[in-house]
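Student: Protein chains in written order, with the working numbering: chain S, 744 to 859; chain L, 172 to 285.
I should point out that these hints are in silico values taken from the structure, not numbers from a laboratory. The structure presented is a predicted model; accordingly, all values stated were derived computationally and were not measured. Don't be surprised by glycine CBs; every beta carbon is placed ideally from N, CA and C. Do not take every clue at face value.
Derived Cβ-Cβ restraints for the label pairs, each shown as a range [as the list claims (entries may be wrong)]: (1) Ala-188(L) - Asn-773(S): 20 to 30 Å; (2) Gly-233(L) - Asn-773(S): 28 to 38 Å; (3) Gln-229(L) - Arg-807(S): 38 to 48 Å.
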Amino acid sequence: DAGVIQSPRHEVTEMGQEVTLRCKPISGHNSLFWYRQTMMRGLELLIYFNNNVPIDDSGMPEDRFSAKMPNASFSTLKIQPSEPRDSAVYFCASRNDRALYTGELFFGEGSRLTVL
Amino acid sequence: AQSVTQPDIHITVSEGASLELRCNYSYGATPYLFWYVQSPGQGLQLLLKYFSGDTLVQGIKGFEAEFKRSQSSFNLRKPSVHWSDAAEYFCALYLMDSNYQLIWGAGTKLIIKP
Numbered sequence: 744d745a746g747v748i749q750s751p752r753h754e755v756t757e758m759g760q761e762v763t764l765r766c767k768p769i770s771g772h773n774s775l776f777w778y779r780q781t782m783m784r785g786l787e788l789l790i791y792f793n794n795n796v797p798i799d800d801s802g803m804p805e806d807r808f809s810a811k812m813p814n815a816s817f818s819t820l821k822i823q824p825s826e827p828r829d830s831a832v833y834f835c836a837s838r839n840d841r842a843l844y845t846g847e848l849f850f851g852e853g854s855r856l857t858v859l
Numbered sequence: 172a173q174s175v176t177q178p179d180i181h182i183t184v185s186e187g188a189s190l191e192l193r194c195n196y197s198y199g200a201t202p203y204l205f206w207y208v209q210s211p212g213q214g215l216q217l218l219l220k221y222f223s224g225d226t227l228v229q230g231i232k233g234f235e236a237e238f239k240r241s242q243s244s245f246n247l248r249k250p251s252v253h254w255s256d257a258a259e260y261f262c263a264l265y266l267m268d269s270n271y272q273l274i275w276g277a278g279t280k281l282i283i284k285p
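Sequences and hints are given; from them, build the entire structure.
Tutor: What follows is the structure, encoded as structure tokens:
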């Protein structure tokens with residue numbers, strides 16, 4: 744299996760620009776998670792989808808952030824407009840919730856965002 | 172409330188020495204626990220997990236962890252570390268009765284001295 748695929752791996756943009764991060768989960772996994780990791784705040788859950796439906800978006804910082812999962816094989820996280828404090832590594836992870844006693848999240852390699 | 176505490180932000184050990192990383196949890200029901208490892212520039216990878224049964228759990232890369240209910244702990248151990256073990260280690264509590272959430276510890280960064 745190819746694993747969770749994220750793009751881009753690195754993004755440098757200027758304040759005010761729109762940023763779109765993309766994720767392809769592992770085929771057959773029915774849950775998808777977006778995390779943000781910074782030195783100051785550690786690993787934060789932004790949003791969690793199950794069967795393409797957002798279940799918990801309480802971690803989304805503010806209206807500038809939005810996430811979609813139009814189908815089982817693709818999700819986006821959009822920041823518009825971006826700000827320097829959004830600089831972080833954004834991880835996508837997927838999980839097969841049909842296998843209840845595994846619970847294992849499979850992470851992508853992350854998208855490192857720098858907002859100047 | 173549920174929580175996971177990793178008391179050590181950084182730990183430095185010499186190559187070949189033994190390692191123990193601490194993890195304490197707070198949860199009223201049966202805990203399901205994980206250890207993940209994050210190598211520099213990479214995503215997180217599962218090292219091992221505890222669901223039930225034997226309280227000593229074996230994982231990948233020669234790691235093991237022991238679940239101690241009386242101490243609310245799930246400490247990670249390795250008898251002899253290698254330079255390639257330098258990474259950040261995260262303990263997590265899996266809430267099967269609460270939307271299958273994962274509660275993450277803050278992580279412990281392992282530094283290996285040559």
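Student: Now tell me, hint by hint, if it's right for this structure.
Tutor: Results of checking the hints against the structure:
A beta carbon spacing of about 42 Å between Ala-188(L) and Asn-773(S) contradicts the range 20 to 30 Å that was offered as a hint. At about 32 Å, the beta-carbon gap between Gly-233(L) and Asn-773(S) stays in the expected band of 28 to 38 Å. Restraint check, Gln-229(L) to Arg-807(S): a C-beta distance of roughly 44 Å satisfies the suggested window 38 to 48 Å.
Checked against the numbered hints given earlier, this structure breaks only hint 1.
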